[in-house]
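Colleague: Here are the chains, one letter per residue:
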Amino acid sequence: MQRKQYKEIINKLYDRQKSDLMKKIMEGSHAIAEAVKLCEPQVIASYPITPQTHIMEKLSEMVANGELDAEFLNVESEHSAMSACIGAQATGVRTFTASASQGLALMHEMLFIASGMRLPIVMAVANRSLSAPLNIWCDWSDAMAERDSGWLQFYCESVQEAFDTVIMAYKIAENNNVLLPAMICIDGFFLSHVYEPVDISFKKFLQPYIKKINLDKPITQGAWSGPDYYQDFKKQQQDAMEQSKKVIAEVNEKFSKIYGRKYGNGLIEVTNPGKKYAIISMGSVCGTIKNFLEKNDDFTLIRIKSFRPFPFEELKILSDFESIGVLEKDISLGNSGALFTEIKSLTSVPTSNFVGGLGGRDITLNDIQKIVDTVKKKDESFHWV
Amino acid sequence: MHVCVIVLVKIMSEKCDECKLFMSGHTACAGCPEAIAINNIMKAAGKNTIVVNVTGCAEIISSQYPITSWGVNYIHVAFENAGAVASGVEAALKKLDIKANVIALAGDGGTFDIGLQSLSGMVDRGHNVLYICLDNECYSNTGVQRSSATPYAAWTTTTPTGKKSVGNATFKKPIVEMMVAQGIKYAATSSIAYPKDIQSKVKKALSIKGPKFLLIHCPCPIAWRFDVSKTIEMAKLAVETGMWVMYEVENGKMSINMQPTGKKVDEYLKPQGRFKHLSDKEITIIQKKVDEDWKYKESKL
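Protein chains in written order, with the working numbering: chain A, 1 to 385; chain B, 1 to 301.
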């Protein structure tokens, strides 16, 4: 081996070690709390629900020991948690809350108001099934039920990505061309309670939030409107969603320059491109699929990171495939998986739907094998995993 | 950009500074008691105030895009969360180091019924907010449905009278006592018939740190079925007959601000369409309840 090559390898190893030194073994929920701390929200509204509770517990500790200078409100319901965030954000501070499942469902009404009032509130959702039957484990039913609420929805694959996405979410939501609230979706337990090495070092990325209310120049917020204007408000929200795609891509790029970590183009992430078949999914199950790809690399994995806004442009690549499988942890009862219906509206390529993992059921490497085998048959039907 | 999200206040050419805080031109019905109440509240509170208003008559009449009657910062979010939104506003003000009064404004439906949990949470956490309930004893805005503030035997569209019904079957929820039971520092009642009483109670409440509760009696001519010229008269009769008690509870200590003049309840009930079906039997029941309530309140003095 030449001396120069040898030196390069040593340097690479050294760099890797250096970045590993920055990492801490940390629970997903705690990593999110660390990211929130770096973003310095001034009002945090908290109401417990499994599997989100560890995020709020950690944040309350940070406030209690003076690490984070915020008003921590122990409110009496998730509905009030979102209401308090709306009140605080409208007064002019950055806010944070977290929820899941029944709690998110209880917030439902407030989610539409937060986005309609154009308040860039950021919330972590530790995805969990919806009752009945009561079940505390992971699926995406809760967040999918809020897909039309006007919130940006980002789904994460790893603890590191959850940490990073919190920081990016504030940057995206607060952009003047966006001004929409953002939901960071992490798989309950699979990410919220799992320990992974994660780099939580601080780098300057966010600007201070300046929207202070002025007593001498009063404004009315939350005015009602008749048929003459209501639709125009909705159009503006839809336009903001559309504009957010560009902002998401820019923020993802900027983030990678500063932090050295990148998630596709911010909207989707393509692994092992150029194959005949594609599997589309979101969240932590993509980790399992990537594991599978290490031995069987005859398909492309497309991970949707941004479900809202939905990356229609990026998914034009779907026409390059011979067949597609959509794997998801939710079901729109009476139809099919929610992600599948979006994909199906985009392409005439044979597409099959795989719904699994509901209520926390494991999706194993064997399941992935079966899915890949079915996709290769150019199947177009619905399957339970 | 979202130009139409926030409505800039166009200050109308009003004569006095206080009049600019809740401006004329709103769309309240003739004889509306809430407009009278809000005017007096704002006169006492002044311009360094943020109003959190729930969905309901007061909101509908004053904030239709693109105009507003509010000359102070005003936030409307939803029906059942005045307490929670005001909590968020107050918390943010602390962080921003802005000194301002926070007033939560809700109707009886938004306070006694759907907003009770949110109000209780706000009081429990000790937020520095004055919560004012404009009590017209029903859901006027949606067309006169029964709330838990509706008095016994009153007709509403969901407590109609009939062979098997005398109207509302229950007595009014004792909201002030509930607030007192939660340990609130200041709780009081007032009435639109007595503007100076409203103003002095708002001023007093705002001088106290922590959560405060003020319940203002607002006879609604549309819902209660009386002539629009009689709003003040009806509010006065309520106090004079003892149907509405004007009192304050400061740090758990009660004081009654106004005594009834000895008029009987039927003088108050008879002019109102919502009570026109009452027989002597119901009137006796109501008189008895009023007398009992007075005895109870006097025993607390």
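None of these hints come from the bench; they were simulated from the model. Here the structure is a predicted model, which means the values were calculated and not measured. Ideal Cβ placement from N, Cα and C applies to all residues, glycine included. Hints are not guaranteed to be accurate.
Which chain A residues face chain B? A few, computed with CB under 10 Å, are given here [stated by the list, open to error]: (1) 8; (2) 9; (3) 10; (4) 38; (5) 39; (6) 43; (7) 53; (8) 54; (9) 76; (10) 85; (11) 105; (12) 109; (13) 212; (14) 225; (15) 258; (16) 260.
Colleague: If a hint holds in the structure, say so; if it doesn't, say that too.
Modeller: Consistency of the hints with the structure:
1. Restraint check, residue 8 of chain A versus chain B: the minimum CB separation of about 50 Å is more than 10 Å; hint violated.
2. Checking residue 9 of chain A against chain B: minimum C-beta separation of about 51 Å lies over 10 Å; hint violated.
3. Annotation: residue 10 of chain A was flagged as interfacial toward chain B, and the flag is violated, the nearest CB pair being 50 Å apart, outside 10 Å.
4. Hint on residue 38 of chain A is violated. Least Cβ distance to chain B is approximately 17 Å, over the 10 Å limit.
5. Contact between residue 39 of chain A and chain B, as hinted, is not supported at the beta carbon level, the nearest pair being about 14 Å apart and thus beyond 10 Å.
6. For the restraint placing residue 43 of chain A at the interface with chain B, the shortest Cβ-Cβ distance is roughly 5 Å, inside the 10 Å limit, so the hint holds.
7. Because the closest C-beta pair between residue 53 of chain A and chain B is about 19 Å apart, greater than 10 Å, the hint is violated.
8. Of the supplied interface hints, the one on residue 54 of chain A is violated, with its beta-carbon coming no nearer than about 23 Å to a beta-carbon of chain B, more than 10 Å.
9. Because the closest C-beta pair between residue 76 of chain A and chain B is about 4 Å apart, less than 10 Å, the hint holds.
10. For residue 85 of chain A, the suggested interface contact is upheld, since its CB lies about 6 Å from the closest CB of chain B, less than 10 Å.
11. Using the Cβ-Cβ criterion of 10 Å, the hint placing residue 105 of chain A at the interface with chain B is not satisfied: the shortest such distance is roughly 16 Å.
12. A cut of 10 Å between beta carbons decides the hint on residue 109 of chain A: the least distance to chain B is about 6 Å, and the hint holds.
13. Checking residue 212 of chain A against chain B by beta carbon gives a least distance of about 6 Å; that is within 10 Å, so the hint holds.
14. For residue 225 of chain A, the interface hint holds, since its Cβ comes within 10 Å of a Cβ in chain B; the closest pair sits about 4 Å apart.
15. Hint status for residue 258 of chain A relative to chain B: violated, with the closest Cβ pair at about 27 Å, above 10 Å.
16. Given hint, residue 260 of chain A at the interface with chain B, is violated; its Cβ is 33 Å from that chain's nearest Cβ, farther than 10 Å.
The structure fails hints 1, 2, 3, 4, 5, 7, 8, 11, 15, 16 (numbered hints given earlier, in ascending order).
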